[in-house]
Amino acid sequence: MESSEDSVETILTIKVNITRGTNMHGKKAGNLQSYLRVEVNGVMVGESDRKPVDPAAQYIEYDYSCSFVCCDGVLPLSDVPHKPIIVTIIELIPEKKKVEAKVIILGQAVIDLLPLLEGECGFSSSAAVHATNAPVEKGAIPGVNTKHPFLDVSVSVSAPILTEEELSISNLAKVVLEAAYSLPEAFSQSSGPAAPPYICTAAMELPTTAEKDQLLLFTEGQLKPGGHREEDGRQMKRPHHALLAPGNQFLPGAFVHTQPIDIEDGELTGLKDREFRNEAETLLNRVTWDIEMTCFMDASGANRLRQKITESRFWPLEIMKSGASNDKPGAASRMTTEEEPQIPSHGVAFIDLGRLLYPGISRIRGAYKIQPYSTTLLLNKARKGVSLLKDFSKPGGSKDRSGTTTGSSKTNAGKTKDAKPSHAVKGSVNQSLTDVSAVDLIPPDKKAYLDCRSYIVIDISLKKPLVARTSSEELARRVKALIPPRLPPAGPNRADRAVLNFHKQVGNVVKHISEQYEELFGAGFQASMSCDQDPMMAQLMGALNVSGKYFAFKEKLKPAVVKFVRDKVQQTESFTEQQDLQEFVSKLYVDLVDEMHVALNKIYSHAIEDDPINEIHLSIYHLTHFAREAQLMRDYPLAVRYYQELVAREPREPSHKFEWGGLYMQTGEYMMAKMCFHDAVALQQTHLPSLMMCGVLAALFNDFEQAETLLERATNIEPLDLVAWTLLGLVQESQGKSILAERAFMEAKNNLKAKEANSQTSKAEDTDVDEESEKLVEQEEEKPVPPPIQSQAIKQTDTDSGDQDTLINTETEESNVSSKSIFTETLEFLLHNSALEMAELALSQALSSGGDHSFDLARVQLLRADYYNAAVTIRDALLQEEPVADMWALNGHCHYLSGSLADAQGCYERSLEFLQQTSDTHIVLLRLGSIYLQEEKFEQAKLAYVRACETTPSCLTWLGLGISCYRRGELSLAEEALTEANHLNNQNAEVWTYLSMICLRCDRLEEAELFYKHALRFNLKSTELQREVKELQDQARIGSLASCFQPYS
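With the numbering used here, letter number 311 in the sequence shown gets 312, and the count goes up by one each step, no holes.
Don't read these hints as lab results, they were simulated from the structure.
Among these hints, one or two may not hold up.
DSS-like, lysine-lysine: derived pairs with alpha carbons at most 30 Å apart [unchecked claim]:
| no. | residue 1 | residue 2 |
| --- | --- | --- |
| 1 | LYS273 | LYS448 |
| 2 | LYS465 | LYS273 |
| 3 | LYS273 | LYS370 |
| 4 | LYS273 | LYS603 |
| 5 | LYS603 | LYS557 |
| 6 | LYS175 | LYS103 |
| 7 | LYS465 | LYS213 |
| 8 | LYS559 | LYS512 |
| 9 | LYS382 | LYS370 |
| 10 | LYS555 | LYS603 |
| 11 | LYS52 | LYS103 |
Restraint ranges, calculated between C-beta atoms of paired labels, are given here [as the list claims (entries may be wrong)]:
| no. | residue 1 | residue 2 | range |
| --- | --- | --- | --- |
| 12 | GLU651 | PRO161 | 43 to 53 Å |
| 13 | LYS505 | SER620 | 24 to 34 Å |
| 14 | PRO720 | GLN308 | 28 to 38 Å |
| 15 | THR953 | GLN540 | 14 to 24 Å |
| 16 | LYS448 | HIS833 | 27 to 37 Å |
| 17 | PRO161 | PRO360 | 22 to 32 Å |
| 18 | HIS833 | LEU272 | 16 to 26 Å |
| 19 | LYS505 | ALA544 | 29 to 39 Å |
Even glycine gets a Cβ: it sits at the ideal position worked out from N, Cα and C.
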């Protein structure tokens, strides 16, 4: 067939070339003469000439070629995947006394055209020849071997059916209907020996183009008895059984493989359901199809499938019981007058195709419950008002859609001499429905499917996923475009260079002053300790002023001080308030004096190392701890100073910027927080916490595309991180992307299950170790040992068992607080970083998923500064659940921040009574100690601060201990504690104040005056302390005056 020039682009010619038939044997011994008949879609394409067999080689040289038009009336494009070329081998047997020879169907071969839709322009194959009337042996796999007859075939097309662009955007869907289980008894009932056999038919449809749907009709569902499980690896069958020989009904190389129930995508996957399914799939009757149908979708069809799944994720698969037709084709006319055909045992299963919209997912397989068919149910769940089976059963019902069916008649293929366009498949379905309406004795009990818990297993796969999964490289590129990587320069950073430059200028000034000193007093002159140095100092200063060198030294130091302020202190904006300027100048003076001492020590001391960073005695751990402490105690300027020091120490460490961003999240400065998180990602593109917080802030600013990109990158970096998956799901849920959010939450839940399984495995291993140690202890006890050692061993055993009981109780307490939810895990991360809006979203999801989340609700209310409601919520939680330390500590925080110090004290004391301490014990001890100080319970305050100093010492813990000892009159202990506090933070005004008061009470007036000046420099705000210092100063002056008037003895 040749097409016209005007339609060359859409109509293609497929050429079939059959060269040879091998291992051919006729019905009778002797010479074999045969010819070939080629059919496509019920249309005869051509017949070959009669060819004899070569007796020696047992093959026939056909050398036959024929062609037909594709993508036109003969074989539409939608039929190419599932309608093969059928080649019938016909033998001619001459008979005596007859002119015409006898015609016998020798066999049939099938050639699939699916490779032409996969981009190939031609292919060759060896098609097995099967007898049309030979029964299929059980377990036989049709194929080509040395004894089986086969044809050498090659297929080519004039041009590719699909261009490269069309091939890249089109798709192929394969639907495998496996079996239905636990069906009602009506499927097994019979009206007697003469009753016709029954088969089951199922139907669903898929879109192929922007306007057309393809009906997939699965017939030939055979009833099988129970007592055994279906074999794994059984071969799939082709559709259109009516036209195929028994051996050609199987698809070569395609097998049904079962998989564990817990990884299926459908319904009935719970623990209780597994027991039921194991029984149903082993003992009960079932209906099996094992038929694979392929559906081609162009780009518009794939897009339409995606759109329809988005609108309604549940797709109906209808099922019915029908009779195997043996009547004449003329019986189909009985349905022509029936307006609404009655479908016997009409059921429907709703296949959830939502997972096909998961990125990268191209296959779903699972069991789906069969429900009684109802138009209302179909409309509500699938948004469809027409039954596929009823619509197809009506006369002309398949004209509006591209109908694809499997044959229901078992007639032998090829027995007619001339093949013509056939509609026997539809006729057989209509006929079977008519027959069933007459003889079906099944009672119309629509609850049968529900009572029996019937279900059907189906497998749907796509050649390409509907939603492509973004690759790691692409995600990394997107993040890099959003936040370009930026590493600090190698060597000292700007802050270190500013400090080194100041040290250098101080050294230059010292050098010039030393030269002036030698000019005045001579080289090598050293003043004795008894010599009065004030005149020498006045003479040196006078000489420097007269010569103008003093002014020159100041001018040389000015640029170094400016760099120090800009790069080290990071102060670049001018002050609007005079008080703020004075406070800054006071702190700057202290810093410059400290750095001057460091520079002088470098010059005059031989023990000092060259690296100034090593001179700082505070470690990274201490600075991080102090920064977090200042943040929780709401001393935000001090926290900023610590974070600045951390960044200056380790400019390439992203965690410091991340924690700094958490500080700005707490203060509500989201733009500053965003800058910190972006800086952390710029330093390290794979820093997971910073990526997640960047995504959270992007969602907060309604930049959801950027938020999804950042969070997807986080899940790509660490696929097992459930917090990243949950955050991604929350962002997608807020945009209405319910299917994508469902996928993210599912990944998070799987990670949580894996985490819990690993935890249980670790606990089991620890238990085994404990049991082995107990056995060893028992063996040691049985040995004769001296009494003291034996008693000591017994005591140790009792202690170990007590510790083990404590551990068990502790684990129980922790499980009471956490409800094993992905949202509670995510809340921990969000609350730690003060992401209130996203935390509220996670909490709403946790509350909707069930369980008691009062503890989490109280934490969110506390972060919102809703102290009253938070206290009410946590009080209810304490009444409903077994209390733990964190609950009492949270209750104490609510009362403390609202000003109810007495209630806060009781809650804090209760939280410290638990063996398993609260997660923020440090803050609890600090706040409890401050309450004791305000109530003048100095002994209890001392104990609280001592405990804090032993576990997590800081400036505030030592300060609290120093205050407690001072109020108790233990001045020496107080001075030691305050000295430790001063070493950790020499800019705390209260530390300097209490040191000043100790010196005043010990008559060390000069030190007291110096310490109090430092306190004023660092902005001492407490008027009470100022008044107390003033009183002590007055007493010291009065005491010194009184000593002057004492009589001389």
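Hints that the structure is at odds with (numbers, increasing):
Going through the list in order, the structure violates hints 2, 4, 6, 12, 15, 16, 18, 19 and respects the others.
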